[in-house]
Amino acid sequence: MLTFRELEFKMAKSSTSDAQALFRSLRSAYAATPTNLKIIDLYVVYAITTAVIQVVYMGIVGSFPFNSFLAGVLSCVGTAVLAVCLRIQVNKENKEFKDLPPERAFADFVLCNLVLHLVVINFLG
Amino acid sequence: MASRLHEGKRSDPLRHVVQRMVPNHGSIGLRALICALLSICAAASIRPISDAHRSAALDLFVPSGGLFQSLEETYEALRTFQILGVGNFSDIGPATCPVIIDNLTSPASSPKDLFDAIRVNSILECQIGSQTFKDVAEKFQDLIKSTDKLMNFYYSILGLLHVKAQGVSVVLPDAEGVFYSIKALSQNDGRWQYDSNNAESSTCAAGIALEALAGVVSLADIELVQSKIGTIKHDIVKLFDSINSYDDGTLYFEEKHIDGSEYKGPLATTASVVRGASAFAAIVSEKLNIPGDKLVGIAKFLLSVGVPSSTKDLFNQIDSLSHIENNRISIPLILSLPSTVLSLTSKDQLEVEVTTVFGSAAPPLTVNLVRASSSDVKNNPILENQELQFDTEKNVHYLDILPLKIDIGKYTLEFEISLHDPENLNTYATGGHAHSLIFLTGLVKVDKSQIGIYDTDSESSASMLKLDFFKDDKISLVANHLQKLHLSFQLFTPLGNTIKPHQAFLKLRHESKVEHIFALESSSRQYKIILDFLALVEKFYYLSGRYDIELAVGDAAMENSFLHVLGYIDLDLPEPPERASRPPSLSVDPYARFGPKQEISHIFRAPETRPPKELSLAFLAFTLVPLGGFVIGARVLVDGFHFDAQTKATFISHCFLSMSILVSVQLLTLGVNLKSFPSSSVHALFSLLFHAGIAAILLLYVLFWLKLDLFTTLKVLGLIGVFLIFVGHRTLSCLASTSAGKVKTN
Numbered sequence: 001m002l003t004f005r006e007l008e009f010k011m012a013k014s015s016t017s018d019a020q021a022l023f024r025s026l027r028s029a030y031a032a033t034p035t036n037l038k039i040i041d042l043y044v045v046y047a048i049t050t051a052v053i054q055v056v057y058m059g060i061v062g063s064f065p066f067n068s069f070l071a072g073v074l075s076c077v078g079t080a081v082l083a084v085c086l087r088i089q090v091n092k093e094n095k096e097f098k099d100l101p102p103e104r105a106f107a108d109f110v111l112c113n114l115v116l117h118l119v120v121i122n123f124l125g
Numbered sequence: 001m002a003s004r005l006h007e008g009k010r011s012d013p014l015r016h017v018v019q020r021m022v023p024n025h026g027s028i029g030l031r032a033l034i035c036a037l038l039s040i041c042a043a044a045s046i047r048p049i050s051d052a053h054r055s056a057a058l059d060l061f062v063p064s065g066g067l068f069q070s071l072e073e074t075y076e077a078l079r080t081f082q083i084l085g086v087g088n089f090s091d092i093g094p095a096t097c098p099v100i101i102d103n104l105t106s107p108a109s110s111p112k113d114l115f116d117a118i119r120v121n122s123i124l125e126c127q128i129g130s131q132t133f134k135d136v137a138e139k140f141q142d143l144i145k146s147t148d149k150l151m152n153f154y155y156s157i158l159g160l161l162h163v164k165a166q167g168v169s170v171v172l173p174d175a176e177g178v179f180y181s182i183k184a185l186s187q188n189d190g191r192w193q194y195d196s197n198n199a200e201s202s203t204c205a206a207g208i209a210l211e212a213l214a215g216v217v218s219l220a221d222i223e224l225v226q227s228k229i230g231t232i233k234h235d236i237v238k239l240f241d242s243i244n245s246y247d248d249g250t251l252y253f254e255e256k257h258i259d260g261s262e263y264k265g266p267l268a269t270t271a272s273v274v275r276g277a278s279a280f281a282a283i284v285s286e287k288l289n290i291p292g293d294k295l296v297g298i299a300k301f302l303l304s305v306g307v308p309s310s311t312k313d314l315f316n317q318i319d320s321l322s323h324i325e326n327n328r329i330s331i332p333l334i335l336s337l338p339s340t341v342l343s344l345t346s347k348d349q350l351e352v353e354v355t356t357v358f359g360s361a362a363p364p365l366t367v368n369l370v371r372a373s374s375s376d377v378k379n380n381p382i383l384e385n386q387e388l389q390f391d392t393e394k395n396v397h398y399l400d401i402l403p404l405k406i407d408i409g410k411y412t413l414e415f416e417i418s419l420h421d422p423e424n425l426n427t428y429a430t431g432g433h434a435h436s437l438i439f440l441t442g443l444v445k446v447d448k449s450q451i452g453i454y455d456t457d458s459e460s461s462a463s464m465l466k467l468d469f470f471k472d473d474k475i476s477l478v479a480n481h482l483q484k485l486h487l488s489f490q491l492f493t494p495l496g497n498t499i500k501p502h503q504a505f506l507k508l509r510h511e512s513k514v515e516h517i518f519a520l521e522s523s524s525r526q527y528k529i530i531l532d533f534l535a536l537v538e539k540f541y542y543l544s545g546r547y548d549i550e551l552a553v554g555d556a557a558m559e560n561s562f563l564h565v566l567g568y569i570d571l572d573l574p575e576p577p578e579r580a581s582r583p584p585s586l587s588v589d590p591y592a593r594f595g596p597k598q599e600i601s602h603i604f605r606a607p608e609t610r611p612p613k614e615l616s617l618a619f620l621a622f623t624l625v626p627l628g629g630f631v632i633g634a635r636v637l638v639d640g641f642h643f644d645a646q647t648k649a650t651f652i653s654h655c656f657l658s659m660s661i662l663v664s665v666q667l668l669t670l671g672v673n674l675k676s677f678p679s680s681s682v683h684a685l686f687s688l689l690f691h692a693g694i695a696a697i698l699l700l701y702v703l704f705w706l707k708l709d710l711f712t713t714l715k716v717l718g719l720i721g722v723f724l725i726f727v728g729h730r731t732l733s734c735l736a737s738t739s740a741g742k743v744k745t746n
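Residue numbers (the UniProt record's numbering), protein chains in the order written: chain A, 1 to 125; chain B, 1 to 746.
In short, the hints are calculated from the structure, not lab data.
Accuracy of the hints is not assured; some may be wrong.
[Claimed, not checked] So, partial list: chain A residues that the calculated Cβ filter (under 8 Å) puts toward chain B:
hint : residue
1    : Phe64
2    : Ser68
3    : Val110
Everything numeric in this text was worked out from a predicted model, so none of it was measured.
Ideal Cβ positions, reconstructed from N, Cα and C, are used throughout, including at glycine.
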């Protein structure tokens with residue numbers, strides 16, 4: 001029979017080890033995703049990071065040309081959203097978009113990005 | 001109605017000139033004086049042709065390089081110079097003769113051009129061969145046979161007359177027929193039509209037709225039937241019956257139907273009729289039945305134009321006056337006054353000139369002043385039946401008015417001319433009675449002038465100060481609102497009569513430039529004014545203080561009209577009540593209106609603070625870091641690229657220096673290394689074009705940000721977009737087919 005202290009230690013160890021196990025399982029599951037989805041995820045991370053950097057910059061210097069700040073942030077966020085949409089459509093495990101060829105989804109992604117960037121450049125001033 | 005219109009037009013410019021001449025802050029009396037003097041001059045401004053006309057002719061008719069604007073203007077200029085005896089033909093001749101020869105020989109010249117050329121030639125006398133004249137004569141003769149328009153008849157007949165004057169023999173075939181054709185265009189009232197289609201009759205056309213008919217008679221080789229000439233004489237008499245007249249006795253012709261585009265004023269119309277009538281009068285054997293008074297009236301009208309300011313008007317005036325001067329009916333004699341303002345102080349005499357219209361001497365005659373009446377009192381003549389004496393040296397008739405004891409003022413004079421030799425009555429026309437307006441001016445004496453302040457109740461015991469307007473002492477008075485100001489004086493003419501001047505005003509001006517003007521009343525013997533300050537307190541806006549006193553007395557006949565500052569008065573007025581009106585604000589000095597305005601300092605919004613440059617550039621670099629991260633990560637994922645120490649070192653050593661190059665290179669290689677890059681060349685081309693298209697659009701966006709505008713961008717974007725869609729479709733369909741093939745094979 002374990003003492004209370006030993007139980008605690010074990011539970012703590014198991015909780016951390018649970019967390020570690022969880023993390024490890026997530027990581028392995030993620031490794032199983034196809035490469036193109038990983039590229040898209042990386043792209044989303046890149047876009048969000050850029051947006052965060054811009055917000056930090058604005059926090060430092062103030063929002064004087066507010067339209068420029070908005071344009072920058074919205075371009076990042078918009079492209080991230082479009083990338084997420086692309087990921088949904090391209091993912092083969094997604095039953096909803098089974099019949100949609102991925103090239104078509106990519107074409108939509110490119111077109112929407114071009115339109116988004118036109119608007120962003122116009123708003124940039 | 002036309003005469004009233006013209007009358008208004010004649011006097012209005014003078015008023016306009018007067019109003020512009022005198023500035024607004026001058027005295028009113030001065031303005032009225034000038035106005036009155038000028039209006040006299042307008043009424044009696046008939047003077048014979050003088051050197052003023054000659055210099056005007058030289059000023060108006062200015063050739064440029066010896067040439068005038070047109071042959072018509074050349075003829076007008078040369079004829080005017082010829083009549084007035086001025087001008088230099090030596091430079092006009094050589095320049096104009098080639099134009100004339102050109103016009104006469106060219107087959108495309110219109111009848112008007114030929115006519116203008118030939119009549120200029122008759123003055124300039126260029127060297128032209130007789131064959132040219134014969135050809136021109138033939139052209140004119142052909143025109144006469146074929147036309148039925150009045151102007152064509154006129155040009156050809158008068159042209160033939162000029163050609164005949166050059167010594168070439170011309171013959172007018174069927175003169176009776178031509179005469180009949182021209183006569184057929186005449187109307188019942190003595191006017192003519194321009195051609196048979198035009199229903200309106202014109203007075204100008206009448207003059208032209210008469211000239212043409214006179215030409216026909218002188219060119220005809222057989223004697224024309226006298227009855228025909230008699231009908232024309234009747235027409236002329238009827239035409240002269242339709243003459244119009246102004247109030248001052250001048251007579252003129254005018255068109256009855258006024259056609260807007262071709263309206264010729266009374267001067268041109270009268271000139272045309274005078275030319276025609278005098279041309280016709282020259283060829284008939286006995287005199288035309290036109291009363292001499294009418295000719296005098298026409299001559300007065302032509303002279304009353306003064307010195308015209310346009311070339312056509314000057315030509316019409318001078319040309320018609322020269323016809324009048326030399327006509328066979330009767331020569332008018334003009335009575336004119338060299339000066340209409342006579343001064344008693346300088347002992348002027350009344351002088352009258354009687355000459356022909358061009359200023360030549362008249363036959364021996366006597367001028368009688370029938371009546372002189374004051375303009376105010378019309379019916380009571382001051383003078384009657386005074387004969388004027390003749391001064392042979394100065395060629396004037398004069399009258400000494402000083403012994404006649406006429407007082408200053410405005411007078412209307414009526415003259416009568418009587419010729420010594422009764423035979424001269426056939427050749428000269430005196431024109432009945434001539435009216436003139438004159439001014440007699442003189443010094444006006446001011447007497448018994450006094451000014452004083454007195455209380456309301458004690459009127460008689462006023463302490464009056466004597467004033468002398470022509471000395472420089474200024475009086476100073478003190479008054480309060482319960483007192484009155486009294487000013488009185490008497491005015492006497494040189495002959496001792498009292499005079500009522502046109503203007504007598506008293507002006508009080510406050511220190512703050514507020515002015516008040518009062519008119520003086522005249523009783524039987526004196527001028528006086530009583531200012532009751534109690535009643536005027538409100539009018540003065542309750543302003544106390546020093547007021548300058550000015551007195552203005554003026555009259556057209558007064559040589560010493562004056563505006564005197566008499567002195568000043570210190571007025572003590574009560575306080576203004578609550579509701580009193582404010583004095584009017586000072587009028588702005590008119591010259592300050594155009595000076596520089598007050599400087600306005602604009603307040604601009606303070607510009608926003610911008611971060612320092614280094615911080616911005618640092619963050620720009622930070623922003624590009626995730627891009628680098630993405631590219632590298634993508635490469636890792638695609639190629640299973642492992643970071644080894646060497647690559648890491650290369651990366652870190654290069655990242656701060658050539659990060660952008662690395663990134664772009666990586667991007668390119670990434671693009672190239674994507675496994676789904678097609679192998680076949682066609683597909684490769686399309687894929688390349690697809691990437692090129694996207695790159696082009698991104699470049700366009702950069703340009704759009706830098707300098708293009710939205711519309712250009714959208715246009716170019718549309719073009720590239722269409723291209724991209726096409727190429728993209730091909731690329732992706734290729735990709736789709738290959739991947740589908742792969743799946744199938746898998």
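Hints and how they fare:
1. Phe64: holds (4 Å)
2. Ser68: violated (11 Å)
3. Val110: holds (7 Å)
Checked against the numbered hints listed earlier, the structure breaks hint 2 alone; every other hint is satisfied.
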